[in-house]
Amino acid sequence: MLLKEYRICMPLTVEEYRIGQLYMISKHSHEQSERGEGVEVCSFLPKFSIHVETKYEDNKGINDNIFDTEPRDEETEVCFIDIAYDEIPERYYKESEDPRYFKSEKTTRGLLKEGWRDTQDPIMCSYKLVTVKFEVWGLQTRVEQFVHKVVRDVLLLGHRQAFAWVDEWIDMTIEEVREYERATQEATNKKLGTFPPAISISEKPLPACARSGTSSAPSTPLSTEAPDFLSVPKDRPRKKSAPETLTLPDPARRDSAFRLPSLFSWGPSTPQPE
6 MLLKEYRICM PLTVEEYRIG QLYMISKHSH EQSERGEGVE VCSFLPKFSI HVETKYEDNK
66 GINDNIFDTE PRDEETEVCF IDIAYDEIPE RYYKESEDPR YFKSEKTTRG LLKEGWRDTQ
126 DPIMCSYKLV TVKFEVWGLQ TRVEQFVHKV VRDVLLLGHR QAFAWVDEWI DMTIEEVREY
186 ERATQEATNK KLGTFPPAIS ISEKPLPACA RSGTSSAPST PLSTEAPDFL SVPKDRPRKK
246 SAPETLTLPD PARRDSAFRL PSLFSWGPST PQPE
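The numbering of the sequence shown is my numbering, which starts it at 6 and goes up by one.
To be clear, the hints were calculated from the coordinates, so they are not data collected in a lab. C-beta: ideal position from N, C-alpha, C; glycine also. One or more hints might be untrue.
Unchecked claim - Here are the computed lysine-lysine pairs in the BS3-like style, where the Cα-Cα straight-line distance is at most 27 angstroms: (1) Lys118 <-> Lys99; (2) Lys111 <-> Lys65; (3) Lys32 <-> Lys108; (4) Lys118 <-> Lys108; (5) Lys138 <-> Lys60; (6) Lys133 <-> Lys52; (7) Lys52 <-> Lys32; (8) Lys99 <-> Lys196; (9) Lys118 <-> Lys60; (10) Lys9 <-> Lys52; (11) Lys60 <-> Lys133; (12) Lys111 <-> Lys32; (13) Lys138 <-> Lys154; (14) Lys154 <-> Lys52; (15) Lys9 <-> Lys65; (16) Lys118 <-> Lys65; (17) Lys32 <-> Lys195; (18) Lys108 <-> Lys52; (19) Lys138 <-> Lys9.
Stated by the list, open to error - Derived CB-CB ranges, DEER-like: (20) Asp158 <-> Lys60: 18 to 26 angstroms; (21) Asp73 <-> Tyr98: 18 to 26 angstroms; (22) Arg23 <-> Leu116: 18 to 26 angstroms; (23) Ser101 <-> Gly143: 42 to 50 angstroms; (24) Gln145 <-> Glu180: 40 to 48 angstroms; (25) His56 <-> Asn194: 22 to 30 angstroms; (26) Val83 <-> Arg147: 44 to 52 angstroms; (27) Lys118 <-> Asp73: 30 to 38 angstroms; (28) Gly143 <-> Glu20: 29 to 37 angstroms; (29) Glu140 <-> Glu191: 35 to 43 angstroms; (30) Asp73 <-> Gly143: 20 to 28 angstroms.
Could you build all of it, start to finish, from the sequences and the hints given here?
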């Protein structure tokens, strides 16, 4: 398990941030969604979880005990995210969303300079405690570090956009942003489109022999007739692909040379998969 606390300061008040965050999430999700995307649920994957706890305060990230209400076994690494001067992946960069060059017409905030967190008013901080758990031996450390890298990039991009779009949402009430959220979600669903499922489920009861396996094992409906492309023409005899009988060597004899194919065997010097 890898635990990190992210602190993201914003040139906003807490009340403004609540509305701006909802607006940003809706608009960002709509922009980043493409037709055919979706979620696939897999039941045979290693145990993996991400837990995010968030708190807001009107300060510049100086509260070191904001999450100390609950005892934690793991030491927490604190990471400050600077929306103006932290490096962002090049494929996500837009000059119009760069707080160093953006200035809000409605609030006159922007053009953030080095050390802006010490001089900006208003200012608030979003504290996010992120726990990533990937319990697979040999991969745990790398995967958990990679997930935190992705989480950090998402937080940086999202909060840059929330500020860059401030003129779009600053006059909204909480009811108006909720309505925008609902309308955007509908538009996103239409953008994704509807696709037939890859697996069809039949409600027809199967024969008893087909239900003898475990409940989680996939089953195929049984049929007494072969499909057309497998059926043998009736006007010619069926060819034999194997002898009628197969004689195996006597295992009691030492000179017996019968061995299994080497496709799935491992020699003494070849490491076996774990």
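Each hint, compared with the structure:
1. Lys118 <-> Lys99: 18 angstroms, holds
2. Lys111 <-> Lys65: 23 angstroms, holds
3. Lys32 <-> Lys108: 20 angstroms, holds
4. Lys118 <-> Lys108: Holds - the C-alpha atoms of Lys108 and Lys118 are around 12 angstroms apart, at most 27 angstroms.
5. Lys138 <-> Lys60: 21 angstroms, holds
6. Lys133 <-> Lys52: Judged against 27 angstroms, a Cα distance of about 23 angstroms means the pair holds.
7. Lys52 <-> Lys32: 31 angstroms, violated
8. Lys99 <-> Lys196: 23 angstroms, holds
9. Lys118 <-> Lys60: 26 angstroms, holds
10. Lys9 <-> Lys52: Given that 27 angstroms is the threshold and the Cα spacing comes to 19 angstroms, the pair holds.
11. Lys60 <-> Lys133: It holds: about 7 angstroms lies between the C-alpha atoms, which stays within 27 angstroms.
12. Lys111 <-> Lys32: Distance of about 20 angstroms is within 27 angstroms: holds.
13. Lys138 <-> Lys154: Holds. Lys138 to Lys154 sits at ~14 angstroms (cutoff 27 angstroms).
14. Lys154 <-> Lys52: 19 angstroms, holds
15. Lys9 <-> Lys65: Given that 27 angstroms is the threshold and the Cα spacing comes to 18 angstroms, the pair holds.
16. Lys118 <-> Lys65: 15 angstroms, holds
17. Lys32 <-> Lys195: Holds, at roughly 14 angstroms.
18. Lys108 <-> Lys52: Given pair Lys108, Lys52 is violated - Cα atoms ~45 angstroms apart, limit 27 angstroms.
19. Lys138 <-> Lys9: With Cα atoms ~12 angstroms apart, Lys138 and Lys9 stay inside 27 angstroms; holds.
20. Asp158 <-> Lys60: 18 to 26 angstroms: Given range 18 to 26 angstroms: holds, Cβ gap about 22 angstroms.
21. Asp73 <-> Tyr98: 18 to 26 angstroms: Check failed, 36 angstroms falls outside 18 to 26 angstroms.
22. Arg23 <-> Leu116: 18 to 26 angstroms: 25 angstroms, holds
23. Ser101 <-> Gly143: 42 to 50 angstroms: 44 angstroms, holds
24. Gln145 <-> Glu180: 40 to 48 angstroms: About 44 angstroms separates the Cβ atoms of Gln145 and Glu180, which means 40 to 48 angstroms holds.
25. His56 <-> Asn194: 22 to 30 angstroms: Cβ of His56 to Cβ of Asn194: about 27 angstroms, so the range 22 to 30 angstroms holds.
26. Val83 <-> Arg147: 44 to 52 angstroms: 22 angstroms, violated
27. Lys118 <-> Asp73: 30 to 38 angstroms: Once the Cβ atoms are compared, 33 angstroms apart, the range 30 to 38 angstroms for Asp73 and Lys118 holds.
28. Gly143 <-> Glu20: 29 to 37 angstroms: 47 angstroms, violated
29. Glu140 <-> Glu191: 35 to 43 angstroms: 38 angstroms, holds
30. Asp73 <-> Gly143: 20 to 28 angstroms: For Gly143 against Asp73, whose Cβ atoms are near 34 angstroms apart, the range 20 to 28 angstroms is violated.
Of the numbered hints listed earlier, those contradicted by the structure are 7, 18, 21, 26, 28 and 30.
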